[in-house]
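Student: Going down the list, the sequences are from chains A and B.
Going by the numbering used here, the residue at position 345 of the first sequence is 345; the numbering climbs one at a time, nothing skipped.
Going by the numbering used here, the residue at position 125 of the second sequence is 125; the numbering climbs one at a time, nothing skipped.
If you're looking for bench data, these hints aren't it; they were derived computationally from the structure.
This list has only true hints and no planted wrong ones.
With a straight-line Cα cutoff of 25 Å, these simulated DSS-like cross-link-like pairs (lysine-lysine) come out:
id	chain 1	residue 1	chain 2	residue 2
1	B	Lys-351	A	Lys-187
2	B	Lys-411	B	Lys-290
3	B	Lys-210	B	Lys-72
4	A	Lys-344	B	Lys-187
5	B	Lys-187	A	Lys-290
6	A	Lys-187	B	Lys-344
7	B	Lys-187	A	Lys-187
8	B	Lys-290	A	Lys-351
The primary structure of each chain is shown beneath.
Protein chains: 2
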Amino acid sequence: MPQKKICIIGAGLCGSLLATRLAQRGLNVDVYEKRPDLRRVEIDAGRSINLALSDRGFKALRMIGAEEEVRKHVIPMYGRMIHPLEGENSLYRYSGRERDFINSVSRPGLNAFLLNKADDYEDVDLYFNTACTQVNLDTGEVELRKRGEGRVTKKYDIVIGTDGAGSVVRQAFSRASNRIRFNFSQKFLDTGYKELTIPPGTHASFLIEKNALHIWPRDGFMKIALPNLDGSFTVTLFAPFDGENSFSSLDSDEKVRSFFDRQFPDTKDIMPDLIRDWHENPSSSLGTIKCWPWQYEGRFLIMGDAAHAIVPFYGQGMNCALEDCYVFDQMIEEFGDDWNSILKAYDDRRKPSADAIADLAEDNFYEMRDATADPVFNRKRRIELRLEQEDPSYYSKYSLVTFKEDLPYEKAMKQGRAQNEVLMELARNVENPDALSTEVVKQKLREALPEYFG
Amino acid sequence: MPQKKICIIGAGLCGSLLATRLAQRGLNVDVYEKRPDLRRVEIDAGRSINLALSDRGFKALRMIGAEEEVRKHVIPMYGRMIHPLEGENSLYRYSGRERDFINSVSRPGLNAFLLNKADDYEDVDLYFNTACTQVNLDTGEVELRKRGEGRVTKKYDIVIGTDGAGSVVRQAFSRASNRIRFNFSQKFLDTGYKELTIPPGTHASFLIEKNALHIWPRDGFMKIALPNLDGSFTVTLFAPFDGENSFSSLDSDEKVRSFFDRQFPDTKDIMPDLIRDWHENPSSSLGTIKCWPWQYEGRFLIMGDAAHAIVPFYGQGMNCALEDCYVFDQMIEEFGDDWNSILKAYDDRRKPSADAIADLAEDNFYEMRDATADPVFNRKRRIELRLEQEDPSYYSKYSLVTFKEDLPYEKAMKQGRAQNEVLMELARNVENPDALSTEVVKQKLREALPEYFG
Chain A
1 MPQKKICIIG
11 AGLCGSLLAT
21 RLAQRGLNVD
31 VYEKRPDLRR
41 VEIDAGRSIN
51 LALSDRGFKA
61 LRMIGAEEEV
71 RKHVIPMYGR
81 MIHPLEGENS
91 LYRYSGRERD
101 FINSVSRPGL
111 NAFLLNKADD
121 YEDVDLYFNT
131 ACTQVNLDTG
141 EVELRKRGEG
151 RVTKKYDIVI
161 GTDGAGSVVR
171 QAFSRASNRI
181 RFNFSQKFLD
191 TGYKELTIPP
201 GTHASFLIEK
211 NALHIWPRDG
221 FMKIALPNLD
231 GSFTVTLFAP
241 FDGENSFSSL
251 DSDEKVRSFF
261 DRQFPDTKDI
271 MPDLIRDWHE
281 NPSSSLGTIK
291 CWPWQYEGRF
301 LIMGDAAHAI
311 VPFYGQGMNC
321 ALEDCYVFDQ
331 MIEEFGDDWN
341 SILKAYDDRR
351 KPSADAIADL
361 AEDNFYEMRD
371 ATADPVFNRK
381 RRIELRLEQE
391 DPSYYSKYSL
401 VTFKEDLPYE
411 KAMKQGRAQN
421 EVLMELARNV
431 ENPDALSTEV
441 VKQKLREALP
451 EYFG
Chain B
1 MPQKKICIIG
11 AGLCGSLLAT
21 RLAQRGLNVD
31 VYEKRPDLRR
41 VEIDAGRSIN
51 LALSDRGFKA
61 LRMIGAEEEV
71 RKHVIPMYGR
81 MIHPLEGENS
91 LYRYSGRERD
101 FINSVSRPGL
111 NAFLLNKADD
121 YEDVDLYFNT
131 ACTQVNLDTG
141 EVELRKRGEG
151 RVTKKYDIVI
161 GTDGAGSVVR
171 QAFSRASNRI
181 RFNFSQKFLD
191 TGYKELTIPP
201 GTHASFLIEK
211 NALHIWPRDG
221 FMKIALPNLD
231 GSFTVTLFAP
241 FDGENSFSSL
251 DSDEKVRSFF
261 DRQFPDTKDI
271 MPDLIRDWHE
281 NPSSSLGTIK
291 CWPWQYEGRF
301 LIMGDAAHAI
311 VPFYGQGMNC
321 ALEDCYVFDQ
331 MIEEFGDDWN
341 SILKAYDDRR
351 KPSADAIADL
361 AEDNFYEMRD
371 ATADPVFNRK
381 RRIELRLEQE
391 DPSYYSKYSL
401 VTFKEDLPYE
411 KAMKQGRAQN
421 EVLMELARNV
431 ENPDALSTEV
441 VKQKLREALP
451 EYFG
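Bound conformation, chain A alone (with noise of 0.2 Å):
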């Protein structure tokens, strides 16, 4: 049988693993990305220019033999370094367990990594400034405009479309929703972001605690900070588009500058670019993309971002969609070149832990936005805290997804719940959670969840 011609539509993170993997496998994958290379030309400014790598990502990095590389440019963050309004800064640990922390690593940095990982293989073929501009779902021929040059049109037995929350793939799928019954929803949230800066000090050095992720948590908006390799931090604020404290109701310099003051009094001399950043970077928007089907007669299928779009409240997005690679080369090895089983076999295993991870990244915004301010999720959060200090074998929800790299996130999501729920009617009955022993509350988790805790 001779050899499938595949093409990959986007060198992201996930399009650029996808295709190395392939040729690990002695595929042959053209790859086409509509932006100039990164590694020649520096783009993205003022979009989210680093990310939260976890277990799951650095699974999906082992299996292409390039953990060990990344974890050399990567800054370990090992735990949530909390700034109240008001009192000390508290660093909360992911866990107990020594291996359980979350590294901010670059997206360009890591985009480029990948990049030059699938060079490395003669079967890649990496095509950039080439745009897709259509996808022919009948006959597999895609439509190509490389910058400056006219429309071409390739065919391929299989075409994999990694081009991000804006697909082009995902768009025929659109075109043709009621021929092949495409499910699809989107849906924003009234909150949205804008990334800032906190550049370094003198001889590159931190201003802030290096290995933490900074949460500034205020009431219906927040800022996060994650450290650069250059002793820079990224700041994201988030807050809603209308109303108080919103993007709309900063319309002044003297606003914005007074808003921060006001609200991060400890950054205030940290951020010189403030007024310059705040006018350079887009308010951008939150979103979640679901769809269904991801495949079309087992020779079309979307991945990553084109797939399930997330928001990004469980530092997940780009885990999901490394490990998507990962799921993606089990079904190769598992049905062998039986193609048109691999992208169906793909699409039904790998659609609830996609859904899974978009829910909890929802909720997690609004606990992160509402529930903060509930005294019984504040005190479920503080026996939740010790109980994983305490006792290794526990897992938070939080760390059921970010560092149990093995288990779905549907079912890190179905365990998450169940164990809040017990957490939640303990705390409901307790005044003082200090006063709680860990024992007591194993024994109630062991009661009421046999099947995780017996």
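Chain A is fixed; fit chain B onto it per the hints.
Tutor: Frame of chain A; chain B shown alone:
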């Protein structure tokens, strides 16, 4: 203040009713319709050509003074004629109230009637064969292409899309979705439909009961039939696309014929065109479209199926679209020439109603498909049927939705669901529903739901 320049994209039922009403209010409207004038050319062959018009639709027709005229051209259907596979047919009246019935109406007939109405007003200009190809949300320019001619651009103050489930105006919202945070969802059923026919008998006689909506409920599929003025019936087969008794399993004339003979023996001899219809008419998909917001900047609006396409299982798609115009007119009454407020208020007030009827219609699909096999559900149905026949003040969920024309859909849904829960509970605990006196049932409802029955 100079009058607003208004354009309506789409001259279907919703667009032509709206144009008429706006003209009655002294407004000047241009209407663009991509298809030919259906009063001159026969179109739409094989696509749902009759519909059930009920009280909400008549309310909207009354608004333009057209109720009585339309009533002359419809066929009242007083109840559901159930055709079981074995045993006698039974007619179930919609309620014990004489005024509660629905009406079979020809879609092109009603559309032609409404176009004539619109044509009565000098202030309405109808342009047929003229597709809107693009809407510019910044400028209010619409790009129009008349068949056989080039593209022209016209600018309007208000652009209203009543251009159906594939709305071009909604597509403009979708394309700007990040900027305007346009939430959108499209969901398909695994079941599709195909239109078939029972032709008239001699002298335009009706070969099955004229004044009923005929239903052949089966396991996982069903057939329905609505009467036409010429003595024919439009028949629709609803069946899954795949699996047992599905469109894809019926892949030869012989299989189609034997399926119909076996499943619908009582129409075996009165559907002579079955095989021809089967080939000529498509197997179409059924989906629900929800989106939000429906308006942008007080200038652009979508209405009818363009904003909320629903599945047909409540017989409310058309009625809802016509009621949209009624509610929109109320907003004009309230806000005068403040179009910004009109569009926003319409958006806010109408959205819950559209969501409710979409959910009701989907629920009803599953109810018709699955619940009829549930003995508790069947007992509940008998209890409620008797209640509604014996007590004219009682409205079932179906009756609240269909006959209480002033009760918004969302309120009908809420009350209907609450009643159903009470009646299901009763049905669960009773062996013989006929032994239950209506007085006992009413007492239960009064106790459980004093807000509705107090």
